[in-house]
Amino acid sequence: MNAFFSAETLQICFVSLKTSAAAIVAASALGIPVALWSSGHDFAGRGALVTAFNTLTALPSVFVGVLLYSLLSRSAPLGSLELLYTWPAMSLGQTILAFPLIVSLSVAALNRTDVRLRKEMIALGVGRWHMGWILVKEARFGVLAAVVAAFGRVFTEVGSALMLGGNIRHATRTMTTTIAMETSKGNFELGLGLGFLLLGVALAINIGFHRLQEAKT
Amino acid sequence: MVYRASRIVHSFDGRRVLDLQDFHVPQGSRFALIGPNGSGKTTLSEILVGLLSPEAADLTFCGQPAPVPFTAAQRSRLAYVAQQPFPLPGRVLGNVVLAIGGNDSRGEKERRALDCLNELGIGRLAGQTERTLSVGQLRLVSLSRALARGADIWVLDEPFAFGDESFKRSLDVAIAKHNRAGGTIVMTSCRGTSVSKWADEALELPPGNQRGTV
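Protein chains in written order, with the numbering used here: chain A, 1 to 217; chain B, 218 to 431.
These are calculated hints, taken from the structure and not from any lab test. It is possible that some hints are incorrect.
Label pairs and their in silico Cβ distance ranges [what the hints assert, rightly or not]:
hint: 1; chain 1: A; residue 1: N111; chain 2: B; residue 2: P286; range: 14 to 22 angstroms
hint: 2; chain 1: B; residue 1: G280; chain 2: A; residue 2: G208; range: 53 to 61 angstroms
hint: 3; chain 1: B; residue 1: T288; chain 2: A; residue 2: G208; range: 38 to 46 angstroms
hint: 4; chain 1: A; residue 1: F209; chain 2: B; residue 2: R348; range: 21 to 29 angstroms
hint: 5; chain 1: B; residue 1: E418; chain 2: A; residue 2: H130; range: 30 to 38 angstroms
hint: 6; chain 1: A; residue 1: L67; chain 2: B; residue 2: G280; range: 49 to 57 angstroms
hint: 7; chain 1: A; residue 1: V115; chain 2: B; residue 2: S223; range: 24 to 32 angstroms
hint: 8; chain 1: A; residue 1: L203; chain 2: B; residue 2: G231; range: 48 to 56 angstroms
hint: 9; chain 1: B; residue 1: G255; chain 2: A; residue 2: F209; range: 43 to 51 angstroms
hint: 10; chain 1: B; residue 1: G399; chain 2: A; residue 2: H130; range: 27 to 35 angstroms
hint: 11; chain 1: A; residue 1: G40; chain 2: B; residue 2: R348; range: 18 to 26 angstroms
hint: 12; chain 1: B; residue 1: G367; chain 2: A; residue 2: E82; range: 56 to 64 angstroms
hint: 13; chain 1: B; residue 1: G280; chain 2: A; residue 2: L30; range: 38 to 46 angstroms
hint: 14; chain 1: A; residue 1: L30; chain 2: B; residue 2: G367; range: 33 to 41 angstroms
Below, a sample of chain A positions facing chain B; criterion: calculated Cβ distance under 8 angstroms [stated by the list, open to error]:
hint: 15; residue: D114
hint: 16; residue: R116
hint: 17; residue: L117
hint: 18; residue: K119
hint: 19; residue: E120
hint: 20; residue: I122
hint: 21; residue: A123
hint: 22; residue: L124
hint: 23; residue: G125
hint: 24; residue: V126
hint: 25; residue: I134
hint: 26; residue: K137
hint: 27; residue: E138
Backbone N, C-alpha and C fix where the C-beta goes; we use that ideal spot for every residue, glycine too.
Using the sequences and the hints given, assemble the complete structure.
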């Protein structure tokens, strides 16, 4: 039990939150504009693009891990960045996992907004960025649900975090990589405890998002 | 000419809803589009403000080709009041401010927006959210955005439908003032008698897929 209630556990939680939060901010900053663009334009291949994003929501995290590992390892094209086995590398992997989920669910949410709103704004001559902001506000529940779902996916993933972070103590050890490690060592109690802690943190964050949605109603 | 086209054609799901020939709207005119429900009035209105790409047309707007969407310069000359305007999120005053371009300060834009709301007798609605307004009030807010934009060409889709007497008076006054100042107004109506005394030109749109005539 002493191992569970320790400064190290807090640090592990902090690394998990920092990595996932950075990934969600990056994936939202990229994904929501892409969703706005995809939902607001009729172009050849739009259906194929949306299908591609829908398919990528099932992207295996170990595949993302292998892919980035092959790009970030010392002799690889991006090896000079020395990102491998750092938290930004883990965050990059999680961004790739979260991005299609945010795009896919945000497109669905934006497509549900009333077409008359878009027409009203076009007729008003509202600028592109301002229009995008209003549409996101209009579809905020769906967009926020997309962000929450993406957070759930990256916060609990272990494959890419393990491959890109290396589970280095006091540096890249996250809650999920610790659970995997402790379980493999036979420390089931600690593994389970951390699992419940992970769920507790995820629950707290979801309650926070829910409050945010209610406050904006 | 504000609008000129030798032909405008549009269909929905293979059903032809609009097939016009020799369509033209002179500068400074009060132009009425009259026809029963389903005759393509709203479709034509949306084409005229660049919200809908027609199936086939050689439409020009103020002597220039009319792309979809219109260019920013073309759009700055246009104001559109939809049959059922969609309430924008937020408060009325802020949404009228949205319609005002230029680099004036926010305070200056708010003063101008409030003037436009007062001109239509709805200054009291400035602090309300648009979602709380009736259809008639929304129309007036939409029209106040048209005033605020300073657009010289107004396209109004069934503006007199659903409104009470006070609403109609406000609208009449605003339209007359705009027209006296040289503005062009294109207005749709399914009741020919109510707009025939108002319009100086009218186009009757036949029901369904027959051809319209000026």
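Right, here's what the structure says about each hint:
For the pair A:N111 and B:P286, the supplied restraint of 14 to 22 angstroms holds, since their beta-carbon distance comes to about 19 angstroms. Under the hint 53 to 61 angstroms, the C-beta atoms of B:G280 and A:G208, about 57 angstroms apart, fit the expected range. The hint said 38 to 46 angstroms for the Cβ distance between B:T288 and A:G208, and at roughly 44 angstroms that hint holds. Under the hint 21 to 29 angstroms, the C-beta atoms of A:F209 and B:R348, about 23 angstroms apart, fit the expected range.
Look at B:E418 against A:H130: about 36 angstroms separates their beta carbons, and that is inside 30 to 38 angstroms. At about 55 angstroms, the CB distance of A:L67 to B:G280 agrees with the hint of 49 to 57 angstroms. Between A:V115 and B:S223, the C-beta spacing of about 30 angstroms keeps the proposed range 24 to 32 angstroms intact. Hint check: A:L203 to B:G231, Cβ distance near 52 angstroms, so the stated range 48 to 56 angstroms holds.
Distance hint check: the CB atoms of B:G255 and A:F209 are about 45 angstroms apart, consistent with the given range 43 to 51 angstroms. For B:G399 and A:H130, the Cβ-Cβ distance of about 30 angstroms falls inside the hinted range of 27 to 35 angstroms, so the restraint holds. Separated by about 22 angstroms at the C-beta atoms, A:G40 and B:R348 satisfy the suggested range of 18 to 26 angstroms. Against the hinted window of 56 to 64 angstroms, the Cβ-Cβ separation of B:G367 and A:E82 comes to about 57 angstroms, which satisfies the hint.
Separated by about 42 angstroms at the C-beta atoms, B:G280 and A:L30 satisfy the suggested range of 38 to 46 angstroms. Between A:L30 and B:G367, the C-beta spacing of about 38 angstroms keeps the proposed range 33 to 41 angstroms intact. Given hint, A:D114 at the interface with chain B, holds; its Cβ is 6 angstroms from that chain's nearest Cβ, closer than 8 angstroms. Look at A:R116: its Cβ gets to within about 4 angstroms of chain B, closer than 8 angstroms, so that hint holds up.
Annotation: A:L117 was flagged as interfacial toward chain B, and the flag holds, the nearest CB pair being 5 angstroms apart, inside 8 angstroms. Contact between A:K119 and chain B, as hinted, is supported at the beta carbon level, the nearest pair being about 5 angstroms apart and thus within 8 angstroms. Because the beta carbon of A:E120 sits about 5 angstroms from the nearest beta carbon in chain B, less than 8 angstroms, this interface hint is met. With its C-beta approaching chain B no nearer than about 6 angstroms, A:I122 sits inside the 8 angstroms limit, and its interface hint holds.
Proximity of A:A123 to chain B holds as hinted, the smallest CB-CB distance being about 4 angstroms (cut-off 8 angstroms). Annotation: A:L124 was flagged as interfacial toward chain B, and the flag holds, the nearest CB pair being 5 angstroms apart, inside 8 angstroms. Below 8 angstroms, beta-carbon pairs count as interface contacts, and A:G125 has one with chain B at about 5 angstroms; its hint therefore holds. Against a cut-off of 8 angstroms between C-beta atoms, the interface hint on A:V126 holds, since the closest Cβ of chain B lies about 6 angstroms away.
At its closest, the beta carbon of A:I134 sits 6 angstroms from a beta carbon of chain B; the interface hint therefore holds under the 8 angstroms criterion. Evaluation of the A:K137 hint against chain B yields a held restraint, the C-beta minimum of about 5 angstroms falling below 8 angstroms. Annotation: interface hint on A:E138 holds; nearest CB of chain B at approximately 6 angstroms, less than 8 angstroms.
The structure is consistent with each of the numbered hints, conforming to all of them.
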